[in-house]
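Dock chain B against the given chain A, drawing on the hints supplied.
For reference, the chains in residue letters:
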Amino acid sequence: MDFYYGLLQIIGMHTILGLSAYIVLLTGQVTLAQAGFFAIGAYIAGMLTVLAGWHLVPSMLVAAVVSGTVACLVGFPALRIKGLMLVVATMAFGEAVRLFWFNFDYQRSKGEALVGPLGGEGFKQIRYFPENGWTTGEVATFVWIWVALIMAALWWIDRSRAGAVLRAVGEDELAAQSVGINLTAVKVTAFAVGGFIAGIGGAIYAHYTTHIEHSNFGVILATFAIAYPILGGLTNVVGTLLAVIFIQGFLVEGLRFLGDWRNLLFGALIVLAMNVRPRGLIDERAMLFLRRMFGLAKRGTNA
Amino acid sequence: MDLVDFVQSITDGLLFGATYALIGIGFTMIFGVMHKINLAYAATSIAGAYVSWAVGTLLPLPALVTFVVAAIGGGIVGYLVYLCCFKFIPVTSPLATLLGTVGMLILIDEIIVHETNGMPQPYPALFDDVYFEIGEFYGIRGDLLFIFFLSLIATAILLYILYRTKLGIATRAVAQQPVAAQLCGISIERTNASTFVITGLLGGLAGAMIGASVGVLSPLLTLPITIKGLIVTVIGGLGSIPGAIIAGLLVGAFENFFQALRGVTERDMYVMLLLFAFLTFRPGGIFSKTTSRD
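Protein sequence lines correspond, in order, to chains A and B. Residue numbers 1 to 303, in our numbering, belong to the letters of the first sequence in order. Residue numbers 1 to 294, in our numbering, belong to the letters of the second sequence in order.
Bound conformation, chain A alone:
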């Protein structure tokens, strides 16, 4: 049973990571910085619970606020550029954050052992869950409460005026600008919210693995973050969740019996999925079909 709880936790964390990229992708910006925000959240929350002895929830929130603020600060210069330039700039930011933690030492003695982040060796012993006697089931529930909260918030944003503004910027910047939308404000807000969400995800991740190091937060993690929403489709937050279940549940865990061949199949299936469903697993037509099936939309209406 513990295995399935563990899998649930992984899926939950990656969903949060994917959702943090989802809101940025809605505005049409491709960001590879999410791994950096994830790392900031992980290290800050880890330091607060281990070194300062805080409770988990406030340290998560502080970590999220810090990474959201960093996102906001980075967003202003970064979002003046777009397309490939933005991809490279955000990737460089993510790498710079990773390298920062790679060279960051701050250790204090706790009991007999030294704890705290130590450069290349990483940050060991973030043992909040075992120290406070949380079972894996409780941790999984905790993770999924956060997933549910974030998904509900994004769902609500999507259906509100703010969601329409985000999508307008993503579809056609020129048109959005000419109806009086402040492009920079929208993009930076989306970026900051994305950084906030990634910070929460990172904080959970740090306490889940108990040992984080800089190599966990590389470009691969950043590409995974944008892979989930793109693969799932940008019409709905559920698409991201489905894509995470597809990748982490099916491709990574489900195909484990294939051994070495699993990794080969992994890349090939992503290529195949993008060829077959270029607008994501759940695209506009799939949404329309689903709504009709459940009688939510009248025949003939356009999603």
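Worth flagging that the hints you see were computed from the coordinates, not collected in a lab. Be aware that a few hints might be false.
[Unchecked claim] Computed footprint of chain A on chain B, listed as stretches where at least three residues anywhere in the stretch have a Cβ under 8 Å from a Cβ of chain A:
1. 82–91
2. 97–103
3. 109–122
4. 242–255
5. 263–275
[Stated by the list, open to error] Mimicking DSSO-like on lysine-lysine, the simulated pairs with C-alpha atoms at most 30 Å apart in a straight line are:
6. B:Lys87 / B:Lys36
7. B:Lys87 / A:Lys82
8. B:Lys36 / B:Lys166
9. B:Lys87 / B:Lys166
10. A:Lys110 / A:Lys124
11. B:Lys166 / A:Lys110
Computed from a prediction, not measured in an experiment: that's the story for all the values here. C-beta: ideal position from N, C-alpha, C; glycine also.
Same frame as chain A, but now just chain B:
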């Protein structure tokens, strides 16, 4: 750090930067022609080097032929990437293409890991026993010098193709105005495909050069080279080949200098800072066009 080390590290960096320049040219050409990013490009170049390594284990090749085989291997892999990630995905879904190339990057990496059991493989170097001594303190590694000249020749050939042949004219026409090019009877699909083959040839050569100067081939090389190649592309200005060449040499020299000054763990941080400096003060890159398309 005294002057001797300073000059020496910058010289070595400049010479190795030639490989970054080639990778940057590949990224920039594909972007110039298709206005899309091919994140699998560095993987293509390493795959080309691996093809030549595999051929070399079957039958002994002279070292110079290995480079040619690597280029051909890169060309073939480049065409495969075009087929898998660009040909069938509609133009209106740029995100799908982007993610497809990431999938291709992972796939190529994993095929290499699968075939070599994840072990780094030795790669033959050329002229690694040659060392030119200049004066009392300075010296130039023969293998790096060879790589430098090889990339100069490759760039010259590429520029000849681009500016003196019909294929090159077609490629530049599609890069400038796809619709007008199509009206003149140029097939966009064929031009796109040929761009991938040409950049693949170049990438394979660059991969072989990286293998030869590092001494080993490893799938772990692909990600750092992807990052460096993209940085070179942005610093040089998107779609600008001279920019990519200068930026490649600049990044090579810059990173080697800071490696000598601050050590290998902090090296890349300064390269990122260089990129940020460019994005802030000259967002269009060294050779920015006045009208920029994203």
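Those earlier numbered hints the structure runs against, lowest number first: Hints 4, 11 are the ones this structure does not satisfy, whereas the remaining hints hold.
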